[in-house]
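J.: Sequence:
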Amino acid sequence: MAQQGLQHNHAENSFNKHVGAMMQQRYKEVEAIQAWMQHVAEQNHQTVIAR
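Each residue of the sequence shown is one higher than the one before, starting from 139 at the first, in the numbering used here.
No wet-lab data here; the hints were simulated from the structure. We put the CB at the ideal spot given by N, CA and C, even for glycine. A few of these clues could be false.
[Stated by the list, open to error] Quick list of the computed label-pair ranges, beta carbon to beta carbon:
{"#": "1", "residue 1": "E167", "residue 2": "L144", "range": "31 to 39 Å"}
{"#": "2", "residue 1": "L144", "residue 2": "Y165", "range": "29 to 37 Å"}
{"#": "3", "residue 1": "E150", "residue 2": "Q181", "range": "26 to 34 Å"}
{"#": "4", "residue 1": "Q184", "residue 2": "R164", "range": "25 to 33 Å"}
{"#": "5", "residue 1": "H146", "residue 2": "E180", "range": "48 to 56 Å"}
{"#": "6", "residue 1": "N154", "residue 2": "M175", "range": "48 to 56 Å"}
{"#": "7", "residue 1": "H146", "residue 2": "V186", "range": "55 to 63 Å"}
{"#": "8", "residue 1": "H146", "residue 2": "N182", "range": "50 to 58 Å"}
{"#": "9", "residue 1": "N182", "residue 2": "Q162", "range": "26 to 34 Å"}
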């Protein structure tokens, strides 16, 4: 019975790690998009000033 409990915990842990990794990946993607949009906004701003 104890063995089954350990297996269940392992499955739960790996599931949590997987979800955590996915969340981190999503967060990094959002950060990258925001940084890129910030960069584009700055480029546009500079272009307007240059004219």
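J.: Go ahead and decide if the range 26 to 34 Å is satisfied by the Cβ distance of N182 to Q162.
T.: With a Cβ separation near 31 Å, N182 and Q162 satisfy 26 to 34 Å, so the hint holds.
J.: Please test the hint of 25 to 33 Å on the beta carbon pair from Q184 and R164.
T.: holds (31 Å)
J.: Between L144 and Y165, does the beta-carbon spacing fit 29 to 37 Å?
T.: holds (31 Å)
J.: Is 48 to 56 Å a correct range for the gap between the Cβ atoms of N154 and M175?
T.: violated (32 Å)
J.: Given the hint of 48 to 56 Å, is the C-beta distance from H146 to E180 inside that range or not?
T.: holds (51 Å)
J.: Is 55 to 63 Å a correct range for the gap between the Cβ atoms of H146 and V186?
T.: holds (60 Å)
J.: Can you tell me whether the CB distance of E150 to Q181 sits inside 26 to 34 Å?
T.: violated (47 Å)
J.: How does the Cβ-Cβ distance of H146 and N182 compare with 50 to 58 Å: does it lie in that range?
T.: Given a distance of about 54 Å, which is inside 50 to 58 Å, the answer is holds.
J.: Using the beta carbons of E167 and L144, state whether their distance is inside 31 to 39 Å or not.
T.: Roughly 35 Å apart at Cβ, these two residues keep to the hinted range, so it holds.
Comparing the model with each numbered hint stated earlier shows that hints 3 and 6 do not hold.
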